[in-house]
Amino acid sequence: MPTKTYCWAIIDAMREEMARDDRVFLIGEDVAVAGGAFGASRGLLDAFGPMRVRDTPISEEIIVGLGVGAAMAGRRPIVEIMFIDFLGLCLDQIANQAAKTHYIYDGMFKMPLVIRMSSAVEMGIGPHHSQAWEAIVAHIPGLKVVMPSTPRDAKGLLKSAIRDDNPVIFIEHIAMHRIKEEIEDDEDFLIPIGKADVKRQGTDVTVVASGLMVARALAAAERLAVDGISVEVIDPRTISPLDFDTITASVSKTSRCLVVSSSHKNFGFGSEVAAEIGERAFFDLDQPVRRLSPPFTPAPFGRQFDQFLNPDTDAIVAAVRDLMA
Amino acid sequence: MAHLIAIPKLGLTMVDCTLTAWTKADGERVEKREVLFEIETDKITSEVEADAGGYLRRFAGVDSVHLVGAVIGGLYETAAEALAAVEPGAAPVVAVAAVVARAEVSAAMAVGQRKRVSPLARRVATGAGIDPVGLTGTGAHGAVLRRDVDQAIQRQAEVPEQVQIQVEATGPGPLRRPLAGLRRTIARNMMQSLQMSAQMTAFARVDMAEVVALRASCVANERALGVRVTFTDIVLKACAIVLARMPDINASIIGDEIVTWDHVNIGLAVALDDGLIVPVIKDADHKSLIEIAHERIDLAARARAGRLGQQDATGGTFTLSNFGSYGGDFETPLLNPPQSAILGIGAITDEVVVRDGQVVIRPMMMMSMTFDHRLIDGAVAGRFRSELRALLEKPATMLAGMR
Amino acid sequence: MTQDPITLYRSMLLIRECEAQLNDLFAKNVFPGYIHSYLGQEACAVGVCSGLNDTDYVVSNHRGRGHYLAKGMALKPMMAEMLGKATGICGGRGGEMHAADPALGILGGNGIVGAGMPIGAGAALAAQMDGLGAVSVVFFGEGASNNGAFGETLNVAAAWKLPLIMVCENNLYAEMTPFVQTVGQPDVAARATGYGVASEIVDGNDVLAVRAAAGRAVDRARAGDGPTLLELKTYRWGGHFEGDPRKYRTRNEEAEWKARCPVARFRRHLLAEVGVEEDRLVTLEAAVAAEVAEAVTFALDSPLPAPETALLKVFA
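Chains as they are written, first to last, in the working numbering: chain F, 1 to 325; chain E, 1 to 403; chain Z, 1 to 316.
Bound conformation, chain F alone (with noise of 0.2 Å):
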């Protein structure tokens, strides 16, 4: 199997999927000539030309809009928005109109659109792109969000996105552009959307991590397991809708649960998986479930404070230790 960092393997799902099918088409800012603002998707303009692979204006909004649009026409638009802090620019295309077009009419029209997002959680360039707000568009009915955590997973889940026939929302984290990853080369490799991952297996804990904290809690069940604590590690993948099934399952089987994120907790991600746990699994518990998050504040600029705020492997190990106790 092929090697491929998480850049290229976002870079071949769009290349083999407009290969597939030619309703599929990329906007976005800094995609077509300069081959995307973080190089992920060099070679695109080369492969499909100037109809397919578009530069856009700076314009967040109608980026988002000319992909809801064309998907009511029929097409399979993907459109770039270079950070997800940009949002807010976009955000009534992306919650009122790509999230309920298929719902408001009923079914007559399909919202196959893939709106990229780049993650710059804890790169160090300041409040306006740090953020996690995965939460924030997985609030959104009709929306899917994806997230993930490993070249092959992003291979997989991008491809899958391209051709899910629901707008979903795909958010690379640029901090993990470089991390390498045998994948299968197979062009209909996919990764489901709505499971998860067991990326490790254990009886103790379940520690539930996404994006970047995935590699962290990996790291920290390598150094419990000496103590002989068993962890299981599970990254959803998709964060929206949550795959429910594999974590209560889990967590009924260890009773203990660590949520860990990029994301604040106040009504985010971890505080959904405890809610949810509490719900499905409560008389399963031995240990209330525990969140790991950065504090409810901005991000300012530098590294310093992203090293400060976010949660690392040693937090997490003592997290987990504690729920041992």
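For the record, the hints were derived by calculation from the structure and aren't laboratory data.
There's no promise every hint is true.
[Unchecked claim] Facing chain F, from chain Z, some residues (calculated, C-beta under 8 Å): (1) CYS90; (2) ARG93; (3) GLY94; (4) HIS98; (5) LEU107; (6) PRO118; (7) GLY148; (8) ALA259.
All residues carry an ideal CB built from backbone N, CA and C; glycine is no exception.
Position chains E and Z against the provided structure of chain F, taking the given hints into account.
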């Protein structure tokens, strides 16, 4: 309207009891404050008065074991109603009957806090027929976790398994009897003792020559003193003096609190034919040797006769166990929760020791002190033993602080 | 696409009757929710849509019945949708501000002012990629021209030469505020130049003028020459919604504009210039009124959608 009769809680540590007798029959009239039934718990039989009047209907038979709060009967308006009454299902406990003997419980111990039981622990315990509230929690804030329930289930399971093996091997089968009453209480207390505290035992040898002399002169003057003073009395008195000086030993961990007791109450282990009971000599630091000896004789006699009251065996802050009386030299005694220390004393025997470079023969005694290492550091326990040894080796110094 | 003036008139009449009868329902308190009346603007929808094919796209807005009917949406399902009934074209879940028909290129209304403009541009982008000569029309009010999406849409449509026709129905009032109070210059079309977009100002109450201007814009779009902004000067007879007390304007002003009624004006044209017999028009008017009344009865008699259907179709 029925008035339900429930098992009262008679002491801090009481979890369950054995119903040993009813004083009335079904349909019989009971007056308020009249003794209605007897229960055996914490090694003691207690009479329980009716807290209301009425005609009795018994739901529980003699020798049955009940959790605190369990409904065992009801009082009704008429005899007919009583005879027709059926046991309420899972009806909530509406009243706890008045108690003849109230345990002396300090304010700190009486603070009623909600017992924390994890949802999983509660589910597993309920499935196994165990009341999780009665278990000792090892989780944060004393929460009962799955592991605590699992241990309880394991304890339940262990004994029958061994019995089963014997049945297969020998044919006619072993004698079986319910684990009830005093034995049940001892069994539970001993396991709880080991589970809920970090026990460490340390030893020290004491030269008892001067205590032997003191005791000899007491015995010689027995008629004048009016009582026969024993080695146990002397050691108990010495312990009381040191405990009064060292409140760190005379303390307990209860829940999330460290409670330092304001009395020195020393329990004295008394062996019975079918078990062991620990009556308490209250305020031993303020009592003379003679008073201690009198009280010991009285308590031991009543214990053996099964006539100890609830208050006689509760409220201890420290325990003394003389296993020398049955030939032991040293043992590792188990703490009597929530106490943090217990002193075991062995037999006094002549031994060869070295004094001032000379080999001499001295009457020596081994002290075995178990303490709760959660609360008491090794150095503190060591200081206690040193002070105690100093007193025992120079018992005359006890006079200095005596009132 | 129709050339027949009687058909144009019938289309305008149909809208007029719908709006009139819906206002009656509202007055009788049997209409659920708001009515955003299209009375007075009939020439705009009919003038533009009569020059379109079924393969052309129309994106409407909150005041959308004129557009739906002019583009050919079936009357009964449209009417039932307005009343939120199960027989509505969206099963009753869209309601008064949302109806669509993909087969006719009607890409829905909207509850968000201005949100249709980017969507219309997206349909134009799809049409451009298809290369089959279809165009996309967005109807919006002058109020929406002050929304950021307006600038974003004009800009990208010009940059990419999208086959997009931006139809601004300038009815003078942005909800309940006179448009002139919210702008430095009152002609929406004048903004097109700055974006490199062709534009025209048209008398929105003259269906033939609207039709002609829309035809020019459609030709430009189909030829690949890019977008056009049409500003149709017209007047909203009713309030922003029915029951709006209209304190922001005078009754005299309303009377002046009603005297310029686009339906009556075209009727006079048919009688005087085309030579249509009045009897024929009277018969047509009665037939349309009866057709709308039948549609209203159908809608009123239709059941509400079952509440549990709210759980369906969140995802495709």
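Tested hints:
1. CYS90: 4 Å, holds
2. ARG93: OK, holds: ARG93/Z within 8 Å of chain F, min 6 Å.
3. GLY94: 5 Å, holds
4. HIS98: Holds, because the Cβ-Cβ distance from HIS98/Z to chain F comes to roughly 5 Å (cut-off 8 Å).
5. LEU107: Constraint on LEU107/Z satisfied, holds at 5 Å.
6. PRO118: 2 Å, holds
7. GLY148: Hint on GLY148/Z: holds, closest Cβ of chain F at ~6 Å, below 8 Å.
8. ALA259: Hint on ALA259/Z: violated, closest Cβ of chain F at ~38 Å, above 8 Å.
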